[in-house]
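Participant: Fit chain to chain and form the complex, with the hints in mind.
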Amino acid sequence: MMKRAKALFLGLLSPSSLLLAGSVSAESATRQLNMPRGVTEVSQAAYDIHMIMIWICTVIGVLVFGFMFYVMYAHRKSRGVTAANFHENLVVEILWTIIPALILIVMAVPATTALLKVYDTGNPDIDIKVTGYQWKWQYEYIGEGVKFMSELRTSQDEIYGRAPKGEHYLREVTQPLVIPTNKKVRFLITGNDVIHSWWVPDFGVKRDAVPGLFTAAWAKTDQPGTYVGECTELCGLGHAFMPVVVEVKEEAEYEEWLAGKKEEAALYASTIGKQWTFDELMVKGEEVYGRSCAGCHQANGEGIAGVFPALKDSPIALGPAEGHIGILIEGVAGSSMQSFAEQLSEVEIAAVVHYERNAWGNDVGDIVQPIDVLNFKQSQ
Amino acid sequence: MAHGPSQNFFSRWLFSTNHKDIGTLYLWFSFAMFLLGGFFAMVIRAELFQPGMQLIKPEFFVQMTTMHGLVMVFGAIMPAFVGLANWMIPMMIGAPDMALPRMNNLSFWILPFAFTMLTATLFMEGGGPNFGWTFYAPLSTTYAPDTVNYFIFGVHMMGASSIMGSINIIATVMNMRAPGMTYMKMPLFVWTWVITAFLLVAVMPVLAGAVTMMLMDINFGTSFFDAAGGGDPVLFQHVFWFFGHPEVYIIILPAFGVVSQIIPTFSRKPLFGYSSMVYATASIAFLSFIVWAHHMFTVGMPIAGELYFMYATMLIAVPTGVKVFNWITTMYKGALTFETPMLFSIAFVILFTFGGFTGMMLSIAAADTQYHDTYFVVAHFHYVMVAGAVFSGTAAVYYWLPKWCGRMYDETMGKVQFWIAFIAFNITFMPQHFLGLAGMPRRYSDYGLQFADWNMVSSIGAFLYGGAQLLFLYNVIRTIGWGKPIDDPQVWEGAVGLEWTVPTPAPFHTFSTPPVVK
Ligand code: HEM
Ligand SMILES: [Cu+2]
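First to last, the sequence lines map onto chains A and B.
The opening position of the first sequence corresponds to residue 1 in my numbering, with each subsequent residue numbered one higher.
The opening position of the second sequence corresponds to residue 381 in my numbering, with each subsequent residue numbered one higher.
A hint or two may mislead.
[Stated by the list, open to error] Listed next, the stretches of chain B that the computed footprint assigns to chain A, with coverage defined by at least 3 CB atoms under 8 Å from CB atoms of chain A: (1) 619-629; (2) 672-683; (3) 725-735.
[As the list claims (entries may be wrong)] For each label pair, taking beta carbons as the anchor points, the in silico distance ranges come out as: (4) B/SER892 to A/PHE86: 51 to 59 Å; (5) A/VAL283 to B/THR496: 47 to 55 Å; (6) A/PHE214 to B/LEU435: 34 to 42 Å.
[What the hints assert, rightly or not] Sample of chain B residues at the chain A side, in silico, Cβ under 8 Å: (7) GLY432; (8) SER647; (9) ARG648.
For the record, the hints were derived by calculation from the structure and aren't laboratory data.
Heads up, the beta-carbon is just placed ideally off N, CA and C, and yes, glycines get one too.
Chain B on its own, in the form it takes in the complex (with noise of 0.2 Å):
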């Protein structure tokens, strides 16, 4: 048998190799960084909460809606998925750890040193990064603070760490399978997470060539999107979305394989449509490549563009629909209970699929150019952001958190958290369609008078909201420290794959000789 992990807590943490405790390290991190970003996000909503300006000044404003945007993306929901992948990848085909365990160290410890940085830039002279999530220059160049540059650094670091975590999970899932684990027969979280990882590699450094276009014309005297030298403000945003839509993709493929892991165990019932689950997934993040400028409807492109872009992004809904299709064929004819990761994964489908309905409207250019920049954009990716990655992620540390620890958690709270949030939600996200189609743009510090029923009303989810979170919080700690202590494998009924195989709480190292897969 293998050794434990050390006893020291410094070297266990920050020399760790084991895929388990990295994973561990990947999701504490990201959730602290979800309650930073849910704090930018109060901030915002307390702003908002009435029309003038009352708590913090336009130049702060614009500072929280970036930080807000970045550090949810990056730092929370792509750092969660990195960490389940760590915990149960190596568990779900069999393998002893991640193939290349020292790189997997060196990706996740880059994180808290970019985030710091990051964050850091709020204090400094000038302020943090204003220029909105998507940084469009000129706006992020030329008129910048000089703090762009750690913004810049810090882009290209957390873009290095996701490199190197897809790298790896392309090489475990390549290599280590056990035997009998033929691609056809991996869990879909598996592949959801391979796929996207190809997403992750092709795309991540599109989004460093942008910053270093950006570095260049600040401080090196190009003109790559100054129009002044002969530049185009228009390409920064084409090669930006180039990288921005297949990662709004990257962001969901993983939690479309988390809710596809916990259907089928609460209805007690295998997957429908495994394989065209696969094909679904992966023309999706191919379409993913092409449809980029949908972002770019109102910026002027000829209209022959605009046209093939509406199109190819109309074919996004027939791949999603798919999926939509097999998880409730998958709940038809099971035997449903509702616990709490099947709550969060059931609401994931409701709302995602709304969210999507949202996004075909969205792709009709024409009605895009009333939508585009309002808060019904903003509504529209945060049901599929929120109600869609949130959710999930979410649900997978319920279902899998008794595994981990070998405790359970508290369902009634679990219920609770699940029923505040869900409610919350709506009551944050649903009026922002009203308020954009009504005529409110996003990334406002202020607002006219007629918009001001629905902020008051969406500030006060949005409260809610957050304090759900600390419920969830409340629960893990718990759970870990005191929950009722479970030993069966399964844990879950109706749960089959070969992470249900291990011991509960799994040891430390699993799989040392392979299973056989049949």
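Bound-form chain A, shown alone (with noise of 0.2 Å):
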């Protein structure tokens, strides 16, 4: 705690601080004050050019301050001085024209070249799209066939107090991005409902999520690692909790990864066969439910009044299946409730839509299948 309200004050100082905090280590995480230097060419670029800012800045204002704490002193009427009359002076009013534009032209130089950097997005050796939904960001390796959802994977009981925050609280997601070293990673982001933004501080990359239309970004760093980010344009009341966390592995093991991913994927395929049972889908319903329908609909499926239905007792989910699974896959036009057709795997789908007939009172009784999902889809 001593230690702690120590770097709070030490940060008041002045920017020579600031450079002390700038490393990034995980303990001293807290504690940071400044832009991290991040791992990639255009991060170091927005890095140093944000040094320099503060420097000039620093330059200018103990000058313009210094003068103007002299001036506080010596000239107060309290001492006995008497004011002069003078009201202009055009050979310095120039000069202080003159002097700040040319330190712009100064500062525009490697503010442009840091700027190209960031604009720099051709010959990419991979392409990753990525969409953001209220409120989950979904990745997808083109050409490759793999795609994912990554969402919140702290609880909603850490958030509402109802058991201790974990050390990465709101820090972490059910999958991570997951990219190689070394290889140039192109990021074409997009949104799928509201405008979103898709941030990583250390590959200094943020770049809006805009429906229908795609925005591009690059990072290429030598160092593994995990990396946290965040969505930083206001999209609903999810905003602070849809984080983007980007894993940096070793070429061969991230091409393990991947290799993985294909055989899941192949799997997934495969289970959309399989009759599952009540109690399987109950089990499988309530976590896929935890993590894309209680955010607005609530745990116990009351929603809340006036913006989300209940689903408990609601008509659609103690009427026929189809209609159900038909909200699901189509979502309702004008709401918040998106389709989850790409998002969620029919099995995924199925359960949940099981899991509602069936919890909180609701008494349906009948079991939802995967291939029930499969064949809604398709006899669309």
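Facilitator: Following this line, the structure appears as structure tokens:
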């Protein structure tokens, strides 16, 4: 605690303390005061120009405020001075217009080179499509057939103080994005519903995820590790709960991971044919519900009056299964109930529909199988 | 001699066409909104005191951030300066009243209705506006609660009020100056307000256009901002910021005017570089029209656009610097005293300049990739808007209150308020720079444990700062009711200008026969 307090006060002192605090390590993360230098050319260029600006401003600030404090001390009436009466001086007025203009021109040079780096998105080795959803990210490895959702893993209990907060509170996801070292990875970023923004500070990448538009950013690093970022464009009530986690792995490890992912995809396709039992579906369904639905409809299925309808005792949940599946697949136009067709697998949709029909006192009692979902989709 | 105010309370305040009474109405209204917006801010800071959701739900949190921004910008700061304009511009240029007194009444009385309606949405089904004060589509269109229609109507009403207020100011200044009061003799407060009024007339219709397009998208099936229908969500941002950037100067230019009155008074020395002040204000106003997309550096503009907006934004530092240098040189070789208005004005110069520094940093597009939409930006604009506009508004009230009511405020209490406000302001917002740089995005209802320390510091500062405002309210009421009576027309030893030639307290009608300015 004392140590922390000390670090806090240090921070108030000067840009030099910012400099010291600039180095990142997990241990000092709580004391980080400055922009991280990061691990890519772009983030380092941003950091460098940031520091140049801090120093320029510090020098100007010391001169200007120094003079001001001198005046406030020396020319106070209580020291018996009488006021002068001058009110213009062409020379100094021209000087203090031209000198700042010159400083700006000098600053424009590194500012331009840094920006060129941000925009250098050509010739990537790997393309990854990043799609923002309310409130999670989807990553698709273009041309590899690998695609998955990355959602917050922190539990509602931790958020609402019913359980102690873990070390990685709000910085953990179900599946991080994985990229290899030493490859130029290009991110093609878009939004599915509202505008989000995909930010990884250590990569110097922040690009808005605008529905109907693709924006591009890139990263190439030789430093394996886990890098955490955030959504930075207000996207509704879950805005603070859709972190970005990127794992950078050595190339061989990455290839292994990718192969595993492809296998998983194949396996998943095969589970659609399996007949699931009532209880298996309830377990799976509860898990999917907690991740994808409870944010709005609440863990107890009661929704929020006037905003998110209750599922408990809802006519749809108690009605025919097709209607219920249909809502998940098609969404409800003009509301925040989006289509889950792309986000959840057939197994997951079946499980969650089954769960909603048989939880919180809903007791339809039927079994919804993945194959029903597949059939529904194909009949469209 | 013309007659005095109506003796009937309702007809005096409801039907008033007197610039002083309307000014008073504006000022009280804006203070009420300041307390309301401040209350929302306290809710936000209380929730952010610790990580985790303790007091409110995320959906209410976003309503609070949205309403805080809207109420402070449109309800507190803008009406405060219109109130000051109403009171002071006629007295400064030797006019008997505003040029269009009935419209003046209308432009004020629209506001309480607009804000009552806006605030009432918080209690309606679906809740209040929850899309940020910048209300980006499609969050504010396809995904908005139904109450967004009230919000749109409210924005239209505020816009109409602002446009009427501005036209009135322009008409007054152009037509009603006393003989000999040439443009280049006008007090700087008048100059900055005329330029602001032109900005308002130019951009409020753009805002009205933006919300009208929203209204059409939501209710009448158009797709201005809906990509699925061939529209473009980014179009919304261009239209919004074409209004929004001039808007930030609409907020700060009258504040520049206020400190340009106060600093010479307490330096007992004329304002340094009067004409360069006027030209700098005009160039800032011009530049404010051509830099809007610096708020959109991460939206994926082509690089040519990005470079242009970066260079243009950097340019603003030049005229802004000129102003700061002029204020400091005005103090140089003066005979300074540090009454409350002067303290607030000096703090304005220091903290506004600090906000200008972070503004320059933000203008560097590559670095803004990291700063954008983090607490660093929040810190930046609170340095320019709170320590800028709010501090100068406070300074203005202390400076002119004795003239308005013929009673002196309590200097010690004013100074105490100043020091609490100054220290608390910095405790609140300085750490937000660190939070932003370390990676905390804005408009977050909850955050990771690494941000816990500074958020707690910031919240403590915010509560203190809020407390200081109650002291302000008390001091003002005490002055009006029980302050020491004064009758010196000049009030302040170093004060110069027509407003200081009329009796103290300023009678209901001033300059019924125009003064002659030599
Ligand atoms: C030297 C002068 C200034 C420069 C160069 C400057 C630059 C900038 C830039 C580049 C941004 C965008 C940051 C981002 O969103 O990433 C910004 C944001 C902002 N600035 Fe300034 N600024 C200056 C002065 C001011 C003044 C005088 C005001 C108002 C009194 C102001 C109010 C704001 C506001 C309200 C925002 C944030 C808007 C939002 O996203 O909600 N700035 N400024
Ligand atoms: Cu701007």
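Participant: Output the numbers, in ascending order, of every earlier hint that fails for this structure.
Facilitator: 1 and 4
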